[in-house]
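If you're matching them up, the sequences are chains R and G in order.
Under this note's numbering, the residues of the first sequence are numbered 1 to 113, in order.
Under this note's numbering, the residues of the second sequence are numbered 1 to 115, in order.
It is possible that part of the hints are untrue.
EDC-like mimics (lysine to aspartate or glutamate), calculated; alpha carbons at most 16 Å apart, straight line [claimed, not checked]: (1) R:K49 to R:E66; (2) R:K105 to R:E88; (3) R:K105 to G:D56; (4) G:K9 to G:D108; (5) G:K71 to G:D26; (6) R:K105 to G:D38.
In case anyone wonders, no lab produced these hints; they're calculated from the structure.
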Amino acid sequence: AQSVTQLGSHVSVSEGALVLLRCNYSSSVPPYLFWYVQYPNQGLQLLLKYTSAATLVKGINGFEAEFKKSETSFHLTKPSAHMSDAAEYFCAVRSQAGTALIFGKGTTLSVSS
Amino acid sequence: NAGVTQTPKFQVLKTGQSMTLQCAQDMNHNSMYWYRQDPGMGLRLIYYSASEGTTDKGEVPNGYNVSRLNKREFSLRLESAAPSQTSVYFCASSTQGGLSNQPQHFGDGTRLSIL
Numbered sequence: 001a002q003s004v005t006q007l008g009s010h011v012s013v014s015e016g017a018l019v020l021l022r023c024n025y026s027s028s029v030p031p032y033l034f035w036y037v038q039y040p041n042q043g044l045q046l047l048l049k050y051t052s053a054a055t056l057v058k059g060i061n062g063f064e065a066e067f068k069k070s071e072t073s074f075h076l077t078k079p080s081a082h083m084s085d086a087a088e089y090f091c092a093v094r095s096q097a098g099t100a101l102i103f104g105k106g107t108t109l110s111v112s113s
Numbered sequence: 001n002a003g004v005t006q007t008p009k010f011q012v013l014k015t016g017q018s019m020t021l022q023c024a025q026d027m028n029h030n031s032m033y034w035y036r037q038d039p040g041m042g043l044r045l046i047y048y049s050a051s052e053g054t055t056d057k058g059e060v061p062n063g064y065n066v067s068r069l070n071k072r073e074f075s076l077r078l079e080s081a082a083p084s085q086t087s088v089y090f091c092a093s094s095t096q097g098g099l100s101n102q103p104q105h106f107g108d109g110t111r112l113s114i115l
């Protein structure tokens with residue numbers, strides 16, 4: 001069965017520092033992976049998705065993620081954090097039956113000046 | 001572009017009351033979903049509709065019913081609300097279900113409190 005583990009429920013960085021949010025997945029079929037961001041009192045917005053065309057995926061707002069099959073990981077990074085990046089981030093994998101998404105429990109990113 | 005619209009945005013119920021959460025999408029998507037979000041739990045699937053005329057249970061369907069009224073609308077009903085159903089409910093839609101990499105598009109959520 002598919003599952004997603006996000007390491008660290010809360011990550012704090014300084015403005016301008018590297019952002020690294022970790023996601024490991026378990027999947028018995030080639031995975032379809034997604035990162036979503038949720039700002040306070042809003043819905044989820046797609047940041048990027050893994051399509052199997054390239055292992056390094058670029059998304060919106062300067063974020064990117066690298067798919068590593070050997071490590072079953074899909075970590076999200078951004079070279080330089082901005083205050084506006086403060087939000088909750090969710091990694092998700094499509095279920096084996098393809099019926100819906102299976103979400104990790106989320107990582108809250110705090111950015112300090 | 002409206003995308004996915006959920007109503008109401010906020011609701012307070014008493015235990016035992018019933019209510020229906022409404023969801024509509026204007027993107028001509030085939031598949032629609034209802035999730036609940038609880039602190040530290042991520043999002044969990046309640047019900048989904050792969051296409052008009054079909055509905056199926058997700059991970060946490062107990063206490064809920066759904067109706068896919070037409071291609072645009074997918075409603076979630078709580079027949080007899082319980083405090084454990086206090087949560088934020090999200091509706092989502094996608095072009096298609098199945099083994100594809102099509103993302104889901106989310107509404108802004110309904111914040112439901114049950115006293």
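Against the structure, the hints come out as follows:
A hinted pair counts as satisfied when its Cα atoms are at most 16 Å apart, and K49 (chain R) with E66 (chain R) qualifies at roughly 10 Å. For the given pair, K105 (chain R) sits about 10 Å from E88 (chain R) by alpha-carbon distance, which is consistent with the 16 Å threshold. For a cut-off of 16 Å, the pair hint linking K105 (chain R) to D56 (chain G) is broken: about 23 Å separates their Cα positions. For the suggested pair K9 (chain G) and D108 (chain G), the alpha carbons sit about 8 Å apart, so the restraint of at most 16 Å is met.
For the hint pairing K71 (chain G) with D26 (chain G), the CA-to-CA distance comes to about 9 Å; that is within 16 Å, so the pair holds. Simply put, K105 (chain R) and D38 (chain G) have alpha-carbon atoms about 9 Å apart, close enough for the 16 Å limit, and the pair holds.
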